[in-house]
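K.L.:
For reference, the chains in residue letters:
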Amino acid sequence: MSPQAGAQSRETDAALMERIAQRDESALAELYDRYAAMLTSVLNRILRDTQAAEEIMQDIFFQVWRTSSQFDAGRGSLPGWLAVIARNRAISRLRRKNPAQGEELGENSVALAYNLESEAAQREMMARVVGALTRLPEEQRRAVELAYFEGMTHSEIARHTGDPLGTVKTRLRAAVETLKRNLQR
Amino acid sequence: MNAHPTREEDFDLYALGALEGDEKQAIERHVAECAECARKLAEARGRIALLALAAPPVAPSPGAKQQLLRRIHAEDTARISPAAATKAAAAERREFFPKWWSRTMAAAGVAAALAAIFLWTENARLNQRLEKMQASLDQQAKDLHEAREEAEMFESAETRMVALTPMPGHPMTARVLYNAKMGMVMCDVQAPAAPQKMSYQLWVMTKGGPISAGAFNTGSTGWSSWMSDVPKGTQPMGFAITIEPEGGMPHPTGPMVMTTRIS
Chain Z
1 MSPQAGAQSR ETDAALMERI AQRDESALAE LYDRYAAMLT SVLNRILRDT
51 QAAEEIMQDI FFQVWRTSSQ FDAGRGSLPG WLAVIARNRA ISRLRRKNPA
101 QGEELGENSV ALAYNLESEA AQREMMARVV GALTRLPEEQ RRAVELAYFE
151 GMTHSEIARH TGDPLGTVKT RLRAAVETLK RNLQR
Chain H
186 MNAHPTREED FDLYALGALE GDEKQAIERH VAECAECARK LAEARGRIAL
236 LALAAPPVAP SPGAKQQLLR RIHAEDTARI SPAAATKAAA AERREFFPKW
286 WSRTMAAAGV AAALAAIFLW TENARLNQRL EKMQASLDQQ AKDLHEAREE
336 AEMFESAETR MVALTPMPGH PMTARVLYNA KMGMVMCDVQ APAAPQKMSY
386 QLWVMTKGGP ISAGAFNTGS TGWSSWMSDV PKGTQPMGFA ITIEPEGGMP
436 HPTGPMVMTT RIS
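Heads up: the protein sequence lines correspond to chains Z and H, in order.
The first sequence begins at 1 in this note's numbering and counts up one residue at a time.
The second sequence begins at 186 in this note's numbering and counts up one residue at a time.
Take these hints with a grain of salt, some might be off.
Said to hold, decoys possible - Below, a list of computed lysine to any residue pairs in the SDA-like style, where the Cα atoms sit at most 20 Å apart:
(1) K382/H - P440/H
(2) K225/H - E177/Z
(3) K225/H - G74/Z
(4) K209/H - A174/Z
(5) K169/Z - P137/Z
(6) K250/H - D59/Z
(7) K180/Z - E193/H
(8) K366/H - M422/H
(9) K225/H - A29/Z
(10) K209/H - E156/Z
(11) K209/H - K225/H
(12) K169/Z - R192/H
(13) K209/H - A29/Z
(14) K180/Z - T191/H
(15) K382/H - S405/H
(16) K250/H - T167/Z
(17) K417/H - E340/H
(18) K180/Z - K417/H
(19) K250/H - A29/Z
(20) K250/H - E119/Z
(21) K209/H - G74/Z
(22) K209/H - R159/Z
(23) K169/Z - E213/H
(24) K250/H - S92/Z
(25) K366/H - K392/H
(26) K225/H - N115/Z
(27) K169/Z - K392/H
(28) K366/H - S405/H
(29) K417/H - M346/H
(30) K180/Z - K225/H
(31) K250/H - D24/Z
(32) K225/H - A111/Z
(33) K209/H - C219/H
(34) K209/H - L146/Z
(35) K180/Z - R224/H
(36) K250/H - E30/Z
Stated by the list, open to error - One side of the interface only, derived from the structure: several residues of chain H facing chain Z at Cβ under 8 Å:
(37) A220
(38) A223
(39) A234
(40) L235
The hints are simulated quantities; they were obtained by calculation from the structure and are not laboratory data.
Heads up, the beta-carbon is just placed ideally off N, CA and C, and yes, glycines get one too.
The shape of chain Z in the complex, shown without the other chains (with noise of 0.2 Å):
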């Protein structure tokens, strides 16, 4: 199935959030049936915490709701925002950090070559994410998972496998570019 077909029948994100614009909370209803339990999935991976986790994942919906002007569809994709923020949001709350840059709806561009709007968009695309990491060596997997979930740089995933800096690097490296290829159309 395309990753497109699921929106055919149903009012683009950048639709949802003029109506969310114009203070309607209908849309909201809709924009968080789309992607509250993608954002409570990953909230809870990195924090491995179901409270905090739907804490985080309700503030970003009501984020969405007092700055949804300032969503600019042309920058970029709105899930693809949302995961961003909620990645930073839960990393700096692991790291007792205060709110790193990129927590902002619209702050950074986040382009994304996938319409994920609807329900079988999105379990598509994650059975893709999860095979091409699956696919992955060992090692390579690990350095990824430790650097996106667990929010470590090269240098602290090297202190954390006591494998050499040179070595981490090049796992990740290495991990980028085929999960690259992996995912492209």
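Chain Z is fixed; fit chain H onto it per the hints.
P.N.:
Then chain H, alone, in the frame of chain Z:
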């Protein structure tokens, strides 16, 4: 303007948060002045954002959406009437307990709908388990055999999934995927580490008594997933997790921390 990054992957590594120090600053300085590289970085952010979909699926509690809508409604009301906003906030606090109750009920209810997605995430974690089991070629062969069985299990229409419910005071989540015909049980647990010199142990509850489906600990990661064989044709009446002496016991002896029944 400093030089373009020499390798395209630098943008992905930046988006992943792996770069630090001079490497990170060089990218930031450059994309601030180079529209082409800013575009490449936006694309890299999008690719890396997709990794969010690799997280094990967790559904928000049913009450979360209404709570959010009340919150935004209260905020809008506050713009017009501060007194009305205070009243709305008090109403939200009163619903604290029902929210938790609904969360507990939801944890048990979402499992079936997530079965297909679970298969993928389970496969990923099992690969992590394989890393620790590559001590010998014989062991690898055994693992490959297990992987084939897992694939068969994933494809089987008779495979079922259930969520276990934690006993009070045990903040845990667990999902069991089982196929009675194949005699296979897979479990995925999120839990604090077991007490010192103790393990968790999963039991298949049957008419003939409990059958062990593996002792485990979650360690520093807080996660554990594994697969066990049980006699083919074993019809589970439910599953339970107890705390047992390290390595597990032939029969349950310790306190039960999670359980579920199969209707």
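K.L.:
Now tell me, hint by hint, if it's right for this structure.
P.N.:
Verification of the supplied hints:
no. : hint            : in the structure
1   : K382/H - P440/H : holds, 15 Å
2   : K225/H - E177/Z : holds, 14 Å
3   : K225/H - G74/Z  : holds, 15 Å
4   : K209/H - A174/Z : holds, 18 Å
5   : K169/Z - P137/Z : holds, 15 Å
6   : K250/H - D59/Z  : holds, 12 Å
7   : K180/Z - E193/H : holds, 10 Å
8   : K366/H - M422/H : holds, 14 Å
9   : K225/H - A29/Z  : violated, 33 Å
10  : K209/H - E156/Z : holds, 15 Å
11  : K209/H - K225/H : holds, 15 Å
12  : K169/Z - R192/H : holds, 13 Å
13  : K209/H - A29/Z  : violated, 38 Å
14  : K180/Z - T191/H : holds, 17 Å
15  : K382/H - S405/H : holds, 15 Å
16  : K250/H - T167/Z : violated, 45 Å
17  : K417/H - E340/H : holds, 17 Å
18  : K180/Z - K417/H : violated, 42 Å
19  : K250/H - A29/Z  : holds, 7 Å
20  : K250/H - E119/Z : holds, 17 Å
21  : K209/H - G74/Z  : violated, 26 Å
22  : K209/H - R159/Z : holds, 19 Å
23  : K169/Z - E213/H : holds, 19 Å
24  : K250/H - S92/Z  : violated, 24 Å
25  : K366/H - K392/H : holds, 16 Å
26  : K225/H - N115/Z : holds, 19 Å
27  : K169/Z - K392/H : violated, 54 Å
28  : K366/H - S405/H : violated, 35 Å
29  : K417/H - M346/H : holds, 17 Å
30  : K180/Z - K225/H : holds, 12 Å
31  : K250/H - D24/Z  : holds, 15 Å
32  : K225/H - A111/Z : holds, 9 Å
33  : K209/H - C219/H : holds, 15 Å
34  : K209/H - L146/Z : holds, 18 Å
35  : K180/Z - R224/H : holds, 16 Å
36  : K250/H - E30/Z  : holds, 10 Å
37  : A220            : violated, 11 Å
38  : A223            : holds, 7 Å
39  : A234            : holds, 4 Å
40  : L235            : holds, 5 Å
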